[in-house]
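**Q** Generate the whole structure from the sequences, applying the supplied hints.
So the chains spell out like this:
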Amino acid sequence: MLSSTTGYLILLIFGVFFTGLTIIMQKRRKEKMTAEQFSTAGRSVGIGLASASIIAAWTWAATLMMSSSTGFKYGISGPYWYAAGACIQVLLFAIVAIHLKRKAPMAHTFLEFVGKRFDKKNHKLMMGFALMTNIIVTAMVILGGAIALNSLTGMNVYAAAFLIPLTFTIYTMIGGLKASFIADYLNTVMIFVILTIFATVVYVKFGVDTVYEGLKAIPEQSQMLTMASIPGLFFGMINIIGNFGTVFVDQSYWQRAIASKDSAASKAYIYGGIAWFSIPFAIATFMGVSAAGLGLNIGDPDASAPLMAQHLLGSVGSILFLVMLFMAVMSTGAAELTAITNIIVTDIYRKSINPKASGQQTLKISRIVTLSFGLAMGLLSILLFKAGIGLSFVYMAMGIFVSGAVIPLTLGLMWKKATSTGNFYGALTGMVSGIIVWLVTAQVRYGEISVASLGELHSMLFGNVTVFVVSGFIAIGHGLISKQEFDFDSLKDQFHSFDEEQEAETKVTKESESKDVLVNG
Amino acid sequence: MDSNKQLLKDAKLCTRWAFSLTFVFIFLFPGIMFITGYEYSLAFFKGWTYLAFIWLIIAGLYTAIRPWVEYYIEKKQV
Chain A
1 MLSSTTGYLI LLIFGVFFTG LTIIMQKRRK EKMTAEQFST AGRSVGIGLA
51 SASIIAAWTW AATLMMSSST GFKYGISGPY WYAAGACIQV LLFAIVAIHL
101 KRKAPMAHTF LEFVGKRFDK KNHKLMMGFA LMTNIIVTAM VILGGAIALN
151 SLTGMNVYAA AFLIPLTFTI YTMIGGLKAS FIADYLNTVM IFVILTIFAT
201 VVYVKFGVDT VYEGLKAIPE QSQMLTMASI PGLFFGMINI IGNFGTVFVD
251 QSYWQRAIAS KDSAASKAYI YGGIAWFSIP FAIATFMGVS AAGLGLNIGD
301 PDASAPLMAQ HLLGSVGSIL FLVMLFMAVM STGAAELTAI TNIIVTDIYR
351 KSINPKASGQ QTLKISRIVT LSFGLAMGLL SILLFKAGIG LSFVYMAMGI
401 FVSGAVIPLT LGLMWKKATS TGNFYGALTG MVSGIIVWLV TAQVRYGEIS
451 VASLGELHSM LFGNVTVFVV SGFIAIGHGL ISKQEFDFDS LKDQFHSFDE
501 EQEAETKVTK ESESKDVLVN G
Chain B
1001 MDSNKQLLKD AKLCTRWAFS LTFVFIFLFP GIMFITGYEY SLAFFKGWTY
1051 LAFIWLIIAG LYTAIRPWVE YYIEKKQV
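Protein chains in written order, with this note's numbering: chain A, 1 to 521; chain B, 1001 to 1078.
Don't read these hints as lab results, they were simulated from the structure. You can take every hint at face value.
Restricting the straight-line Cα-Cα distance to at most 30 Å, the calculated cross-link-like pairs of lysine-lysine (BS3-like) are:
hint, chain 1, residue 1, chain 2, residue 2
1, A, Lys-267, B, Lys-1012
2, B, Lys-1076, A, Lys-27
3, A, Lys-261, A, Lys-417
4, B, Lys-1075, A, Lys-32
5, A, Lys-492, B, Lys-1005
6, A, Lys-73, B, Lys-1046
7, A, Lys-351, A, Lys-492
8, A, Lys-267, A, Lys-416
9, A, Lys-416, B, Lys-1009
10, A, Lys-261, B, Lys-1005
11, B, Lys-1009, A, Lys-267
12, A, Lys-103, A, Lys-417
13, A, Lys-483, B, Lys-1009
**A** Given below as structure tokens:
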């Protein structure tokens, strides 16, 4: 057990380090920060940085903790299903990302696209889905970090929940999306390094044979050494379906496409997805499965990874694990924060409150929104915690609440026949019927509606499947019946940079820049 | 126009990759393993952990190095 001072020190060191780094990088830049730069990182990010950032945004604290828990519980099928079941969404996202890039090259958020492609109703509904996703994910990430800090160092949970967002809010406020990209890169690399250390120690200290013998000795029905594990498969299915919502409806993934160069947008997701696969796969195999094989005495499977880290390297292991976890929390938090800021600035401030805002004004508002949301997220996480909403419950249930938007959104980008009405009622009815099926299954199968019965695999699975079937059926059905056709070309000139006036002045430099881009691309 | 052509080409390529990888990860490999109900032998389990380890190393190196390579290439061109 580490002391609570270690926890505070880690927060302080990383907060100061990344803020300092951002300030230095700002000083060294020749151009001035503009609103467009702040929210799109200049649309010039290459494949490498973009894929590192996608990995960071998708590596939640849950990726490290929960994947190990599945390895501990289900054996070797757990890590596989965790990794495969959550990596395909990122791979498939490459397809919609490139469609957004093609059809709305100057958009800032996917909601801006929805607003022009469909009617106002859709824009509002999708914004509801998007903000809900961002806020829940941020709260989950902060809480996950706070709980882990608390259990490993004894640091006060509320203090942790309030201090964690502070560490990434400040540098995001100063440097915008680009700063979040740099931090993501450093965090991802550190996570890879620490994971490699853990994996190597497992090999050197215990050897694979010992782990294997231990797994063999576990009673027959636990299916630790085969992919043909029914609970593993069930978990895999929920993981696959549930995660579509948290990728497709989350602005932070669209943002990474928007910030990328044209030539990098789609490839970054493919490379990022494949590389991300190795993180949960390795940590769950080396920490979760090995912990089961070594017969570690673990009360709560969710704590298998930190306990294994301690078992491997003592308090050094605990510190390494804590650093890795905190880096995962920080980069996802920053990604979500820039996403929330962009939605509020683009789709609320510039759309409804002050459409004629100048670049300077927009930049100022962006910074204010980032700061206030960063601080508010700490408070919100504490509220959720006080309300007794558990982490793994939210993780599993989230799909039911947000996935209704997945098929309508995808259709909107890819299919000219998708209609406003079909999409609106598809998404809404999908969510409502999913919740009903979820509640009914819990009642019928388990005899009561409670957090426990709602959290059961069957309730979750049926609820999730219903959301997809209903939303897809309505959205596609109405599109086929009404036979409208949408002209995607009409969208091209509808999106504008935040820095229009400034750009008019510096048009000459811009033109030479775009030539560069062509040469590079 | 050029960049649009490039995007169309990319779109086709990445669609193919995304779908085939999804098929392999979700249906092909687990499907075979599930139907046969194969129980891992020591050698297979060893291979499995090596796979996890090597995948981690390659993914880590790629992620760490690629941004720098791109950075230097870009610097040279300017």
